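If you're matching them up, the sequences are chains A and B in order. This note's numbering applies: residue 1 is where the first sequence begins, and numbers increase by one. This note's numbering applies: residue 794 is where the second sequence begins, and numbers increase by one.
Check each hint, because a few of them may be wrong.
[Unchecked claim] Derived lysine-lysine pairs resembling DSSO-like cross-links, with alpha carbons at most 27 Å apart:
1) B:K890 to B:K923
2) B:K1288 to B:K1302
3) A:K748 to B:K923
4) B:K904 to A:K748
5) A:K686 to A:K657
6) B:K1234 to B:K1302
Don't read these hints as lab results, they were simulated from the structure. Note that the structure is predicted; figures quoted are calculated from it, not measured.
Given next are the chains, with one letter for each unit.
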Amino acid sequence: MSMQMLTILQILHLTVVYLAVMVLVPALVFYPFFEEKPLGVRFLAYLAIGNFYVINLVFLLQFLHISNRFTLILGIVVPACAMMVKLHWNTWVKNTLSYAGETTYGVMVKTVGVRLILSRLFGALFSTLWKKLKNLFAGIWKHPVDIVGTILVIALAVWQYGTNPLQNFGYMASDTPVHNYWINSLFDNKPFVAGVYPFGMHVIVYFLSEVFGIKIFTLLRIFGLFQDVLMHISLLIFLRIVCKSVFSAYSALVIYLGAQILNTTCIARLFNSLPQEYGMIFILPSIAFLYRFFECRKEEKGIKGWKVESTKELALFAVNFSLTLSVHFYDTMAAGLFCVGAAIGFIAYIFRKEYLWRILLFGILSLFFAILPMGVAVIGGTPLEGSLRWGMSILQTSQPSSTTQNVTVSESSGSSDGGETSAPSAGTVQQEGTVQQAGTVSSGQTDLSQGGATVSQPNQTVVETKSLLDRLLEKGKTIYDALKLADNAYISIYLGGKAPGLELFMLLGLAVCGVFCFLIGERHYGCMAVSVALGTFFLCCVMISKTLGIPALMDQSRCSTYLAYAFMAALGVFLDCITYILFGWLPGQLAKNIFSFAFAGVFVFLVISVFGVREVYVQEALEKNGAIICVTNILRENPPKTYTIISANDELRMIEKVGFFYEIIDLLRYNEGDDKEEYLVIPTPKIYVFVEKVPGEYMLDSPYRGQPVSSSSAEQRLPSYGGLGSYQGANRHIVMSKMYYWAKAFQKLYRNETSVYYEDEEFICYEIDQNVYRPYDLSIDYGYNDAGLTVSE
Amino acid sequence: MVSRRNFFTIMILISVMIFMFMFVSVIKQEFNKFDLNENGADDLNMEELQAGHEEIQETLQSVDAVQGTVIYLTGDTESPVDHVVENWGEYTKQAVKTRTTLSGLSYWKDKLPNTVIVNGEGLTLEGDGKILAEFAERGVTVIFATMPDSKVIGQSQTLCDLMGITVVYSDGVWMNGMHLFPGLLIGTEAIYEAENGNRNREDEDFHVPWYMVGEGTKTYMMGTVDESEFDDQFMPAILWRNSVGEGNVFCVNGDYMKQDSGVGLLTAFMAETDSYCVYPVVNAQNLVLANYGGFSDENDEALGALYNQNEVSFFRDTVWPTITAVNEWTAAKISMMAAPQMEYRQGETPKEEMLVYYLRLLKEGGGEAGLTARRRSDISLGEKLERDKLYWESEAADYEIRSLFLDDSEEIDTATAQLPNLRTVVSLSEGDSPIGYFDEKLTIQRATSQGMEYEFLDDFANKSYETALGYACIVLDMDQAAYPEEGQEWEIFAKKVTSNLSTHWNAYKGFAQTTISESDARIRSFLALTFSSDREGDVIRLHVDGLTDKAYFVLKLHGEYPAETTDVPYEDLGDGFYLLEISAPDTQIEVERDERFIR
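Next up, chain A with everything else stripped away, as it sits in the complex (with noise of 0.2 Å):
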């Protein structure tokens, strides 16, 4: 089987169990509570439900150090079970217990016969879904704009998102290891083992991993298209939800998925399987269930009481919001500026009584979900994760950082079991690590502490006096200037970069719109829309939040992934709006529906004849592709912990659980000079070298990019740094180029005993097969082992 079907089939298998658990179970539980709600609806609470309640269900168990499949599946299935019998005891449940006793005594009076009773049961099982599934597809047949939308959509992010996993295998983060760690720990009932961090995508991994037995890194190779394609259809929901024409939303998305109009930067985190892209998910979701609510408690007219339906969104919404904290704080920033947009766009209501006091209610019931597990984690005594502690800094210190955005992770030394090594550990990352970028950008910030524009030279600082007009005039350009420059390195690559900034324009169009709208009566759309303008106009102040003076708790490169989504959801909103303006008073459905897709489809007919259609972006991966593969049939062939596996980096956190590392750089280093081992051994039954023919650079350019192991790199000194230095540009040649040097001396030594177990163009690995009660010595001659250390810096 090649690896690109096995990619396939998992992804596939992920989608079902996902589905089956996230939302599926809370839809056969719930469904009561929603069914008068419309489809996309129903799949955002349902999908909210369901992971709201396994990320607490692992935390308790995790806390109480009883979590492991046994528990995970009783924690879903006792429960579910338990409320659908509740909830539809006078329905079914009643009826069904006194037929099963009935059947009961008729088999025991024999009277009834066991192929009655399964032909009964198969029969009524059947026909009960067969009924629902006619329901089900005679609803959804009745939206024949929305299927066929929403094929598109599935199909074009799968079509972006889903040729890089099929084309390079491992991961393309390189805090995606750091993250593996995290979630391994989970197994033995350890979280937060690096300090205390929103572990709520962790969970989530950690519990299909544990529950449907997907490996971990398989997991966090396909998550990254998976949630990709959930966080667009959310987009699609949300557009949905606010939107009255239904080709607004889809254009939107069409546009998003598409048009070559993004800059790859503000995409590039999303071919990762990462906790800030998990929680993406959930953020426009919260902002929709806000608005549902504001409309539902307008029409209850402020009924007092909690058993009404605004009740219901008003909870869905501090689901979805306390969703975005447990999986990543960026979210929750993200949502609450949404929020406050939501907030101001809403002024005529919020500050009314019977919203208010809701509101707030919810929204610190959301916050205390959501900080509950880390708190206890904390009173426990575990410490804040590193990266957390720096924002917990930035927002108590009242200067603007003066920290460069982009930094790369640091990740610092550890250990394994059975293997020593430096390298990446109790993954203390400091700052979450970039991923790659397409290119260099300039940060294009400037500094305004003076009033005056100072590029770069903060020794010519030139006061003037001026009137407070042309102050803010001057400010206000310096901030247009600001936001163009970021738009233009982060965003958006239209027109060659020669109109950046036009998504500005919209915004400020879109909230016109949103004025007019609610100045002729359209009320609720109008506020929709001036929020949707401000959440997204909030993001693109903490784009430049250098150039406002206030903390920059985001650096550029994450913040736009959050602004071109921004923007789409305020582009689909932004139509809707024209839409509405230009077609909105004629008469009947259907012709409004006719100039809406007419107008919807000549835009972007427009857009992509313009701008040309967005091309996949593929990013390398980090590690080889022939190591994801050696990985994978390691894992299928070996029984646990018969085996270790020699590599750079990556392969530790991979196969953590189910067997041993051992780090090329610490095995030749024990084969260097003085330093020479007497006897080096590895006392598994097979050990596994991971060697690359091209080194990869990971991360860092080097002068050796796509040529091969060479006997000159072999000579040159060994990196004597610690963690990921070693293996980052030059280094790694270096480091290969030995390592594939040892290993054709090892093959030497051992023809027999050694074997190709794969090779590539790229990539082999070599396995050795030996006896544990007598392993071999692999500190060996190998021709290149006197070249010596580098100096440390």
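Starting from the structure of chain A, add chain B where the hints point.
Structure of chain B alone, referenced to chain A:
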């Protein structure tokens, strides 16, 4: 009251039942050709095979060139290793050239010997050490059948580098056990321990120099030392290999190469040098009941006192069922070397029908009967055989006696004169080779095990024989049952034998169970053939000359196995060994490795 109809129905049913049950026995009785010895191919042209074997030996001895030969480097004095090497050359069809020094050996870069076997005891290898190192660098296999003195090794960096020895830790250390790792010899991994921590005379094998080996070495057997501060990799190395340049150097730290079974080690080492190795084997596992009494009541008094039975009854009702039980577990074919009498008292003859009785049973089990030359009186062999023949002819005149159990090889002429159909001789005595031609007509098959005792050396020897020849000859001396000595009564004997047979020969189930005559035919075929092989990619080509009907070869692979597409029937013997059945002069064997499931 039963009606007539029911009565007749019942009668018919009973008749049918009786017929069904009796029919099988009657058929067995009637069609049991007990009186014919069908073991060993009648159409075997023994003369041609013997001539073929002689021709091969002459050819090998006449080889002058160095290239492709085996050089045996030894001292001036005779050594048991000499015969082992000679036998190994004969079995593997290689020319062996004996030398006392390598100096003066004319060789060129591309005309090197295949293998150099060094009998290092007593040698200093001052000049030869460097030549050996050069040979090894160039791809010649060097085997130290015995090691030079540990002090000599310790003082010679050349020898240490050649053998991969990093430290000569001790000139002699007592080990409390040895660990033979799987993969070198056919048979399972084995751990040998000195019994109860005590060491006996035989355990001199547990006292060897302590060599620590390092980089580039692979250890096949190591010693274990109690209370040692060292890890396993520093334990005394007993059998190991060192990679030097293009070649390999094998070392035997102990006297294992001084036993006949040393051929197994040489074959095993040869199999470790390349990605494949194919060599011919006999493929015969024999179980011989030597001196089987139970035909006459000669020792009734002793047996009556012990078991309350006479000798005939004892053998028939106690001994034989035990033997056949073992036969059931092991699927062995019994070769019974009958002792119609032992004491040959005047006027006494063996019991009538007993020979027929046992021949029938043997026939059902696929076994064979022969005679023994042993007797407990002063009667001559000639007279003994004459009296035995009289008895034999009265019971089963047409049953040819093709095998004889012989203690004293000097009596062979008498035996052949009396037994014109004799083909093979079984012996307990140790000799130069386990199998071979006794004379121009007869083959000799020596016991490889006596079944009762099975200690460390026995197991090691067994593994070695199986590896080199695919051959075992377990000889159970049943004289002990008829004339039990104290401490060796039948029940003790039976318990040990059955335990050993059902335990230690399980690993060799891939080899064929044969009678002694069948084994004789295979030995003749084995000795008369020559072969050559080469490999191209995943295909191994085997050419066999002198093939009669079938030949058996062992194929050793490393990490590979015969492909499903290969036409050659084979049996998996474990640890990379495969038994091939060759029935054509030219054969191709395709091999393959495990494919990765995900690519």
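For each hint, the structure was consulted:
For the suggested pair B:K890 and B:K923, the alpha carbons sit about 20 Å apart, so the restraint of at most 27 Å is met. About 21 Å separates the Cα atoms of B:K1288 and B:K1302, which keeps this hinted pair within 27 Å; it holds. Annotation: proposed proximity of A:K748 to B:K923 holds, straight-line Cα distance about 22 Å (limit 27 Å). Pair hint B:K904 plus A:K748 holds up; C-alpha atoms about 23 Å apart against a cutoff of 27 Å.
At most 27 Å may separate the alpha-carbon atoms for a hinted pair to count; A:K686 and A:K657 meet this at roughly 16 Å. A threshold of 27 Å between alpha carbons decides the hint, and for B:K1234 with B:K1302 the separation of about 31 Å lies outside it, so the pair is violated.
The earlier numbered hint that this structure contradicts is number 6, and it is the only one.
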